[in-house]
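Sequences are here, hints too, so could you generate the full structure?
Same order as they appear, the protein sequences are chains D and B.
Counting along the first sequence from 1, when you hit position 12 you're at 11 in my numbering, and nothing is skipped either side.
Counting along the second sequence from 1, when you hit position 120 you're at 119 in my numbering, and nothing is skipped either side.
It should be emphasised that the hints constitute simulated quantities derived from the structure, not laboratory data.
Please read all numbers here as calculations on a predicted model, not as lab measurements.
Keep in mind that the hints are not guaranteed to be accurate.
Note: identical chains are not told apart, hence a pair may lie in one copy or across any two.
To be verified - No farther apart than 27 angstroms at their CA atoms in a straight line, the calculated lysine-lysine pairs in the DSSO-like style are these:
#1 K145 with K77
#2 K46 with K145
#3 K101 with K36
#4 K77 with K142
#5 K142 with K127
#6 K142 with K36
#7 K127 with K145
#8 K163 with K36
#9 K127 with K163
#10 K58 with K127
#11 K46 with K128
#12 K101 with K163
#13 K58 with K128
#14 K46 with K36
#15 K77 with K101
#16 K77 with K46
There are 2 protein chains.
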Amino acid sequence: MRRIIFLLVAVATLAGVVALAAAPHSDEKEAAPIFVKTIPPGYRDWKLVSVAHEEGQLKDIRAILGNDLAIQTYREGKLPFPDGAIIGRIAWNHVPSEENNKVFGRAQSFVAGSEPAWYLQFMVKDSKKYEATGGWGYAQFDKDGKPGPDSDLQKCFPCHQAIKDRDFVFTRYTP
Amino acid sequence: MRRIIFLLVAVATLAGVVALAAAPHSDEKEAAPIFVKTIPPGYRDWKLVSVAHEEGQLKDIRAILGNDLAIQTYREGKLPFPDGAIIGRIAWNHVPSEENNKVFGRAQSFVAGSEPAWYLQFMVKDSKKYEATGGWGYAQFDKDGKPGPDSDLQKCFPCHQAIKDRDFVFTRYTP
Chain D
0 MRRIIFLLVA
10 VATLAGVVAL
20 AAAPHSDEKE
30 AAPIFVKTIP
40 PGYRDWKLVS
50 VAHEEGQLKD
60 IRAILGNDLA
70 IQTYREGKLP
80 FPDGAIIGRI
90 AWNHVPSEEN
100 NKVFGRAQSF
110 VAGSEPAWYL
120 QFMVKDSKKY
130 EATGGWGYAQ
140 FDKDGKPGPD
150 SDLQKCFPCH
160 QAIKDRDFVF
170 TRYTP
Chain B
0 MRRIIFLLVA
10 VATLAGVVAL
20 AAAPHSDEKE
30 AAPIFVKTIP
40 PGYRDWKLVS
50 VAHEEGQLKD
60 IRAILGNDLA
70 IQTYREGKLP
80 FPDGAIIGRI
90 AWNHVPSEEN
100 NKVFGRAQSF
110 VAGSEPAWYL
120 QFMVKDSKKY
130 EATGGWGYAQ
140 FDKDGKPGPD
150 SDLQKCFPCH
160 QAIKDRDFVF
170 TRYTP
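And the structure:
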């Protein structure tokens, strides 16, 4: 009888120890999202993905660039983007060009002006590191290279979830 | 007396011959402008100079790209562009993005749509070959790569003369 009780207690203890050992794993799945705080080097030399123009509160004109892995993925048309792919977005204030308008003879020309508050944004693919935000690390920097605060960056992924079926990337490649 | 007359006639004839021999040279200076009829290879991989948006009759959004010589010149800020520099302009129709607008919650987002009639334009620097048009060979191509007719290309240089003090190039580099 004592042996049976001893065995039951031993098994229960062992079960408890295993449960405690397993607990941290479930904590990892709810870890805080990780953001990117360093500007990817050489981004200004990357190839062009496309261009866009945002009105509303942004009033910017922008270029979306991609590193070689990103561009290759876009051109092959096979999602998801692989780890290491990086997409960058440079935005400038959308401003009229007086000198161009004079030549055209009408007000029609808008060019890239000064830099807005969040001049540079990036999405860096690492499906393990950035698992909490769909495999992408979000980043933004001002014109002095200062990274954006987490309170801003936390707003990226919730919107990008709308385009989950294109691996969370809104911009389409335009040949 | 006869010798003097003979000498005068000989000199006059010689002058006439020299004038005839010289005539083709003045014709060369008024030679027809030369335009570019071949798409520079690899242009889609060039680095970004800047972006712009044209309303009026164009209604396009565009990226201006440059080959390495052009980009280097822009970054060093030392005009004129050297022979071999090429600047390309890709234009897309400026269209609203329904899917982006849904996410933003308002109509604000414009993206690069289909290709307009004159999708690609280039300026190729060769100060001797293109002397008649300020050292630049002008080109345009539709989405199928068909070159534009001379009757269109003849309209390029007259407008670009307005920006002669920036080596005939309107687009400014935006870092």
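Structure-based check of each hint:
Taking CA atoms no more than 27 angstroms apart as the test, K145 paired with K77 passes in neither setting, with 34 angstroms inside one copy and 30 angstroms between copies. Taking the closest pair of Cα atoms, K46 and K145 come within 27 angstroms of each other both inside a single copy (24 angstroms) and across two copies (24 angstroms). Within a single copy, K101 and K36 get their C-alpha atoms no closer than 43 angstroms, and across copies no closer than 29 angstroms, so neither meets the 27 angstroms cut-off. In this assembly of identical chains, the alpha carbons of K77 and K142 lie at most 27 angstroms apart only when taken from different copies (24 angstroms versus 33 angstroms within one copy).
For the identical chains of this complex, K142 and K127 are neighbours neither inside a copy (30 angstroms) nor across copies (41 angstroms), given an alpha-carbon limit of 27 angstroms. Proximity of K142 to K36 under the C-alpha cut-off of 27 angstroms is restricted to the intra-copy arrangement: shortest distance 14 angstroms within a copy versus 40 angstroms between copies. Only within a single protomer do K127 and K145 lie at most 27 angstroms apart by alpha-carbon distance; the minimum there is 25 angstroms, versus 47 angstroms between protomers. In this homomeric assembly, K163 and K36 come within 27 angstroms of each other (Cα to Cα) only inside a single copy, at 24 angstroms, whereas the closest approach across copies is 43 angstroms.
For the identical chains of this complex, K127 and K163 are intra-copy neighbours only, at 17 angstroms inside a copy versus 54 angstroms across copies, given an alpha-carbon limit of 27 angstroms. Taking the closest pair of Cα atoms, K58 and K127 never come within 27 angstroms of each other, the shortest separation being 35 angstroms inside a single copy and 43 angstroms across copies. Taking identical chains as interchangeable, the C-alpha atoms of K46 and K128 lie at most 27 angstroms apart only when both belong to the same chain, with a minimum of 25 angstroms there against 30 angstroms between chains. Taking CA atoms no more than 27 angstroms apart as the test, K101 paired with K163 passes between copies only; the shortest distance there is 14 angstroms, against 45 angstroms inside one copy.
Taking the shortest Cα distances, K58 and K128 never come within 27 angstroms of each other, neither inside one copy (33 angstroms) nor across copies (42 angstroms). When the C-alpha separation of K46 and K36 is checked against a cutoff of 27 angstroms, the pair qualifies both within a copy, at 22 angstroms, and between copies, at 25 angstroms. For the homomeric pair K77 and K101, the shortest alpha-carbon distance between copies (25 angstroms) is at most 27 angstroms, but the shortest distance inside one copy (45 angstroms) is not. Taking the closest pair of Cα atoms, K77 and K46 come within 27 angstroms of each other both inside a single copy (18 angstroms) and across two copies (24 angstroms).
The structure does not agree with the numbered hints 1, 3, 5, 10 and 13 stated previously, though it agrees with the rest.
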